Every structure is written in C-alpha cells, then in structure tokens.
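A.B. asks: Protein chains in written order, with my numbering: chain A, 3 to 488; chain B, 368 to 462.
Just so you know, not all the hints are guaranteed correct.
To be verified - In silico DSSO-like links for lysine-lysine, alpha-carbon gap of 30 Å or less:
1. A:Lys96 to A:Lys21
2. A:Lys417 to A:Lys267
3. A:Lys96 to B:Lys450
4. A:Lys417 to B:Lys369
5. A:Lys331 to B:Lys369
6. A:Lys413 to A:Lys331
7. A:Lys398 to A:Lys267
8. A:Lys483 to A:Lys461
9. A:Lys30 to A:Lys417
Stated by the list, open to error - Quick list of simulated restraints, FRET-style, between CB atoms:
10. B:Leu425 to A:Ala66: 41 to 49 Å
11. B:Ser437 to A:Arg394: 22 to 30 Å
12. B:Ala389 to A:Glu27: 48 to 56 Å
13. B:Asn404 to A:Ser295: 32 to 40 Å
14. B:Arg380 to A:Arg283: 22 to 30 Å
Claimed, not checked - With the Cβ distance kept under 7 Å, some of the chain A side facing chain B (calculated, not the full set):
15. Ala207
16. Ser211
17. Ser237
18. Thr241
19. His245
20. Pro248
21. Tyr307
22. Ala310
23. Lys331
24. Gln382
25. Lys413
26. Lys417
27. Val418
28. Leu422
29. Gln423
30. Gly438
Hints listed in this document are in silico derivations from the structure and should not be mistaken for laboratory results. Please read these numbers as outputs of a predicted model, since none were measured by experiment. Cβ atoms here follow ideal geometry from the backbone N, Cα and C, with glycine treated the same way.
Next come the chains, spelled out residue by residue.
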Amino acid sequence: MSNLNQLTIHEAHRLLREKQVSSVELTKACLERIRKVEPEVHALVTVTDELALEQARKADELLAAGDTHPLTGIPAVIKDNMCTRGIRTTCSSKMLENFVPPYDATVVEKLKGHNPVILGKSNMDEFAMGSSTEHSAFFPTHNPWDVSRVPGGSSGGSAVVVAADEAIYALGSDTGGSIRQPAGFCSVTGLKPTYGRVSRYGLVAFASSLDQIGPLTRDVADCALVMNAIAGYDSRDSTSVPHPTPDYTQCLTGDIKGLRIGVPKEYFVEGMQAEVAAAIRDAVARLEESGVSADWEVSLPHTRYALAAYYIIAPSEASANLARYDGVKYGFSAQEADSMFDAMEKTRQYGFGPEVKRRIMLGTYALSAGYYDAWYLKAQRIRTIIRREFDRAFEKFDALVTPTSPTVPFKIGEKVDDPLQMYLSDVCTLPINIAGLPAISIPAGFADGLPIGMQIIGKPFSEETLLKIAHAFQQATDWHKRRSSI
Amino acid sequence: MKLSREEVLHIARLARLGASEADVDRFSEQLSNILENFEVLQEVDTSGVPPTAQSVNLQNVLSADEVAPSLPPDQVLANAPRKEGNFFRVRAVLE
C-alpha cells in the first residue's frame with residue numbers, strides 16, 4: 003500500500019469504511035508530509051493543523067456511526083480566495099493578509115456538509131491574476147517535479163498540494179486557465195466546470211463573467227466525487243444555473259466507443275514545444291484505440307483573437323471588482339493620509355502588487371470614456387464570435403482535445419517581468435472561459451521529466467462527457483499515477 | 368499605441384491608485400506594449416455582432432422578497448480598520 007497521504011479519495015474512502023485506517027491517521031500522514039515538503043514547495047499560505055485534527059476526530063466518530071459519504075474524513079486544501087469562516091483568507095495579497103471572513107463560501111459550506119478535513123489554504127497569484135504563482139505577495143510556489151520551475155497558476159498551491167502528496171484533493175478557481183494550466187504543469191487532474199455550474203458565492207471576485215470553481219485531484223474518479231459535492235444551484239450567486247445536478251460518478255463507464263472528438267489546429271500554436279504537440283497526438287491516438295473517432299482538420303479561426311479579447315475583458319471586470327478595496331470596510335488601510343481620497347490611493351498603492359495594479363490600470367483604461375467602444379465593447383463582440391465558433395464545432399463533435407499549455411513548466415523568474423510572455427502561457431485555456439464552457443486537464447505525458455497536460459473541452463453542461471473520456475484515458479494510461487521524486 | 372505619462376496618471380486617478388514616478392514610467396511602457404499587441408482586435412469585422420457580457424443565458428434573475436438572517440454588526444465590523452460604535456469610521460468627505 004502506498005503512503006496514506008498518496009491515496010486517492012476513493013481509495014482512502016474504502017480504507018476508512020473498512021476500518022483499516024482512521025481519518026486521524028490519514029490527516030496526520032498529510033500533516034507530516036506538509037511539514038516535510040513545504041520548505042521546498044511553499045504551496046500553503048495557512049496550515050490549519052489543529053482544526054484538521056479536530057475535524058478528523060469528529061469524522062472518525064461519524065464513520066464509526068455509519069457515515070458512508072465518500073468525502074467524510076478526507077483531507078483537503080482550499081485555494082486562499084474562497085472564504086472560510088474564522089480562517090484567514092488572503093488571496094495571497096497584502097490587501098487581505100489579515101482578513102478573517104465572517105462566513106463560508108458556498109463551496110466550503112457544501113464540503114463541510116460532508117465532514118471533510120480542511121488542512122489549510124493554498125498559495126496563489128495575488129487575486130488569482132497570474133499563470134505561475136509567482137505573483138503571490140508572500141512567496142512563489144515551486145513545482146514538485148523540478149523545484150526551480152513554476153507550478154503554473156493561479157491555483158499553483160492547490161495543484162502542488164495534490165502533486166506533492168500534501169493533501170488528497172484541493173479546490174481551485176479558474177478565470178482563464180487557473181485550474182487547468184497548473185493541473186497540466188503539476189500532472190494532476192483539474193476540471194473547470196461550465197460557467198454557472200458551481201456557485202461562486204464567497205469566492206473573492208476577479209472577473210465575474212469568467213470565474214468558476216473546480217476540483218484538483220489525483221484522478222478523474224476523484225474529480226467526479228468532488229463535483230458531486232460542490233456542483234448545483236445556489237440562489238446567492240445570480241449566475242448559478244438551476245439545472246439538475248447529475249451523479250458525476252455514473253458516467254465513468256470506460257466505454258467511449260463512437261464518441262466524436264475534434265482537434266482544432268489553431269491550438270497547436272506557433273512557438274509550441276514539439277514534445278507537447280507530440281504527446282497530445284499520442285494521447286489522441288490512445289483515445290482512438292478506445293473507440294472514439296478523431297478529426298484533425300477542425301478549425302476555429304478566431305482563436306487567435308481570444309488572448310487579446312480575454313486580457314481586455316478580464317482586467318476590465320477586475321478593475322470594477324477590485325474597486326471595493328478602499329481601506330474602509332476590511333483589509334489593508336493606509337493610515338498616514340491627508341484626505342479620504344489620499345487614504346484610498348495610498349491603500350491601493352501599497353496594498354496591491356504589480357500584476358494586480360497592471361490589470362486594474364489596463365481595465366480602467368479599456369472602460370474609460372473614449373476607449374470603451376474600441377476596446378471593451380470590441381472584445382465583447384469578438385467574444386460572441388468565439389462562442390459561435392465553439393457552438394458550430396459542437397454540432398459535429400462531442401468534445402475537443404488540445405494541449406493544456408504550449409510548453410512544459412518554465413523556470414521561476416523567466417517570465418515574471420514580461421507580462422505578455424506570461425499571458426501567452428494561458429493561450430490554450432482562456433478561450434474556454436470566454437465561451438463559458440467546461441474543460442478538464444489530465445496528465446498526458448512528460449518531456450525530460452516535466453509534465454504535459456491534455457485539455458478536453460465540451461459544450462455547456464457536458465461535464466459527464468468530459469469525465470467519461472478522461473476516465474477512459476486514465477484506464478488506458480498511467481501518466482496520472484506517476485509521482486514526483488520530491 | 369503609446370500611453371503618455373499624463374494618460375497613465377489620468378487612468379491611475381480614475382482607479383484611485385497611487386503611483387510613484389517609477390510606477391508611471393513602468394505602466395506607460397508596459398501598457399503601451401500590451402495595447403500595441405492587442406491592436407489585432409481591430410482587424411476583426413464585428414459589424415452586426417452583438418456583445419456577450421456573460422455566457423449563460425439567464426436574464427433578470429429575481430429572488431423572493433423574504434426576510435432572512437444577516438450577519439450581526441459585530442461580525443460585519445470585525446475586519447474594519449477603523450470603527451466607531453456600530454459604524455465604519457471614514458475620513459471627512461467634505462473639508
């Protein structure tokens with residue numbers, strides 16, 4: 003048997019039910035692992051060890067009394083932009099360094115309904131703006147496959163705790179790739195659900211028309227279990243969609259015969275690493291062996307405009323959402339000031355880091371008088387064109403397959419001072435947020451020991467199709483079972 | 368697409384974002400570079416294409432007008448940098 007902290011949710015659940023292990027043992031194994039590897043990976047902003055052990059003891063009592071929920075007593079980590087009542091929620095920003103939310107985000111409340119063990123809160127790019135977790139105001143997170151490299155971002159900490167066996171699973175959020183790109187970089191499974199599928203109530207807002215919460219797990223079966231717990235309608239999020247929520251484990255049949263997948267050629271972008279393209283070609287060939295048909299001639303010509311459209315829309319929304327940080331209600335507050343406006347300007351100057359400021363400036367510009375039509379409205383019209391292209395593709399295909407990112411993880415420091423280069427690492431993931439679609443990243447190979455992710459994209463609310471295909475792929479391959487040597 | 372120092376200062380003022388001299392120079396260079404790259408958007412013909420604000424087709428989401436519990440004042444104020452009684456304390460708006 004592998005170490006307890008390396009188990010999947012479904013393996014750990016079976017051992018808990020069979021009374022072979024206790025939640026306290028499972029939790030102690032994770033906490034021990036956290037103590038051992040955190041000095042190298044820096045994935046966690048806050049470790050809640052006492053609370054975790056208390057929750058584990060309670061879970062053990064419930065398990066003894068016959069609780070059979072798959073998440074009961076399973077240790078998890080939550081990205082530090084989801085409000086946790088009584089536990090500091092920082093967004094990895096100086097602005098919220100000491101913010102202790104008075105309420106739980108809906109996803110946290112839903113998880114707590116199943117008696118999880120919460121180990122702590124994970125590091126991220128400040129306010130989820132970034133692709134490497136280097137934009138954390140506290141410290142960068144390191145990739146367990148090579149600690150000189152980034153884990154991706156913005157949910158880098160959540161991907162790392164799963165990859166480095168510090169937790170059994172984690173929650174992340176994804177505005178332009180922030181679950182999938184780090185999942186790809188760390189060789190874990192990460193799902194961004196359809197916009198509207200998971201409530202964002204209590205998720206600190208970044209770009210409200212794009213943000214979505216989802217799981218980071220060791221395999222697809224675990225992803226389905228977490229989705230069962232967090233998906234569903236919530237009246238407190240007005241973009242939450244009142245569709246019935248399926249049992250996501252029911253689609254994991256392994257039978258994908260007859261499904262049609264398309265491989266859009268625009269996603270094999272200029273500058274893409276050859277090993278990444280080759281790994282995705284191999285992965286599609288494996289899917290074909292399992293009975294799907296693949297079409298390599300699919301074209302989504304406006305994909306090339308998605309990056310620019312995204313980096314107008316997301317910063318515009320961010321500039322409005324982050325207007326709330328005024329130093330009055332909560333958060334950092336500059337006290338040495340001459341006037342109300344001076345206090346606000348200083349609060350924001352010293353409370354926000356460079357990438358957040360850059361995006362506030364970019365968004366404010368795109369929304370300002372004289373530029374609104376040329377930039378913001380233009381980007382929103384292109385958004386419509388991109389959505390329509392996906393709609394047309396999904397008339398012919400059940401899913402689209404692409405690389406998750408154009409390269410393997412890059413070096414820490416390599417792109418941090420070059421915003422455009424950093425933005426390019428989301429080029430394969432952000433079109434999906436623009437269109438509000440679901441997409442999953444799963445491990446699909448390695449180049450020189452560094453992970454490569456495959457992205458599978460579906461039509462709105464087709465998470466089951468994605469999970470089915472991804473699960474069949476994981477039955478045919480063992481990329482997702484490889485562990486880093488850290 | 369070159370953003371002048373004056374334009375950068377104007378945007379920073381709109382965003383209520385204090386900026387040092389070095390910040391203004393850096394923003395001017397970086398934002399100009401970003402926007403120059405984003406000029407590609409202007410080559411797309413979007414005539415007759417409606418804008419998409421969000422991707423679910425929900426409209427006019429209403430909720431029932433029902434009384435429900437809300438957070439007590441002490442919890443709402445717990446994170447406030449400055450408070451007085453049950454209020455957030457702010458600096459004078461009018462001098």
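A.B. asks: For every hint, state whether the structure bears it out.
C.D. replies: Comparing the hints with the structure gives:
For the hint linking Lys96 of chain A to Lys21 of chain A, the alpha-carbon distance of about 44 Å lies beyond 30 Å, and the restraint is violated. Straight-line distance between C-alpha atoms of Lys417 of chain A and Lys267 of chain A comes to about 26 Å, which keeps the hinted pair within the 30 Å bound. For the hint linking Lys96 of chain A to Lys450 of chain B, the alpha-carbon distance of about 21 Å falls within 30 Å, and the restraint holds. At most 30 Å may separate the alpha-carbon atoms for a hinted pair to count; Lys417 of chain A and Lys369 of chain B meet this at roughly 23 Å.
Between Lys331 of chain A and Lys369 of chain B, the direct Cα distance comes to roughly 37 Å. Violation of the 30 Å bound is thereby established for this hinted pair. Straight-line distance between C-alpha atoms of Lys413 of chain A and Lys331 of chain A comes to about 39 Å, which puts the hinted pair past the 30 Å bound. Restraint check for Lys398 of chain A and Lys267 of chain A: the C-alpha separation of about 16 Å stays at or below 30 Å, so the hint holds. At most 30 Å may separate the alpha-carbon atoms for a hinted pair to count; Lys483 of chain A and Lys461 of chain A meet this at roughly 28 Å.
Taking the CA atoms of Lys30 of chain A and Lys417 of chain A, the gap is near 37 Å; set against the 30 Å cutoff, the hint is violated. Taken as a hint, the range 41 to 49 Å holds for the pair Leu425 of chain B and Ala66 of chain A, whose Cβ atoms sit roughly 44 Å apart. At roughly 46 Å, the beta carbons of Ser437 of chain B and Arg394 of chain A sit outside the given window of 22 to 30 Å. Between Ala389 of chain B and Glu27 of chain A the beta carbon distance is about 53 Å. The supplied range of 48 to 56 Å therefore holds.
Asn404 of chain B and Ser295 of chain A have their C-beta atoms about 38 Å apart, which keeps the hinted 32 to 40 Å range intact. Against the hinted window of 22 to 30 Å, the Cβ-Cβ separation of Arg380 of chain B and Arg283 of chain A comes to about 51 Å, which falls outside the hint. Evaluation of the Ala207 of chain A hint against chain B yields a violated restraint, the C-beta minimum of about 13 Å exceeding 7 Å. At a threshold of 7 Å, the smallest CB-CB gap from Ser211 of chain A to chain B is about 4 Å, leaving the interface hint in force.
This hint holds: Ser237 of chain A has a C-beta 6 Å from the nearest C-beta of chain B, less than the 7 Å allowed. The beta carbon of Thr241 of chain A is positioned within 7 Å of a beta carbon in chain B (closest approach about 6 Å), and the interface hint is therefore held. Below 7 Å, beta-carbon pairs count as interface contacts, and His245 of chain A has none with chain B, the closest being about 10 Å; its hint is therefore violated. Checking Pro248 of chain A against chain B by beta carbon gives a least distance of about 18 Å; that is not within 7 Å, so the hint is violated.
The beta carbon of Tyr307 of chain A comes within 6 Å of a beta carbon in chain B, closer than 7 Å, and the hint placing it at the interface holds. The interface hint given for Ala310 of chain A holds, since its Cβ lies 4 Å from the closest Cβ of chain B, which is under the 7 Å cut-off. The beta carbon of Lys331 of chain A comes within 6 Å of a beta carbon in chain B, closer than 7 Å, and the hint placing it at the interface holds. For Gln382 of chain A, the shortest C-beta to C-beta distance to chain B is roughly 3 Å, which falls under 7 Å, so the interface hint holds.
A cut of 7 Å between beta carbons decides the hint on Lys413 of chain A: the least distance to chain B is about 21 Å, and the hint is violated. About 13 Å separates the beta-carbon of Lys417 of chain A from the nearest beta-carbon of chain B, more than 7 Å, and the hint is not met. A least Cβ separation of about 13 Å between Val418 of chain A and chain B goes past the 7 Å threshold, and the interface hint is therefore violated. Checking Leu422 of chain A against chain B by beta carbon gives a least distance of about 6 Å; that is within 7 Å, so the hint holds.
For the restraint placing Gln423 of chain A at the interface with chain B, the shortest Cβ-Cβ distance is roughly 11 Å, beyond the 7 Å limit, so the hint is violated. Given hint, Gly438 of chain A at the interface with chain B, holds; its Cβ is 3 Å from that chain's nearest Cβ, closer than 7 Å.
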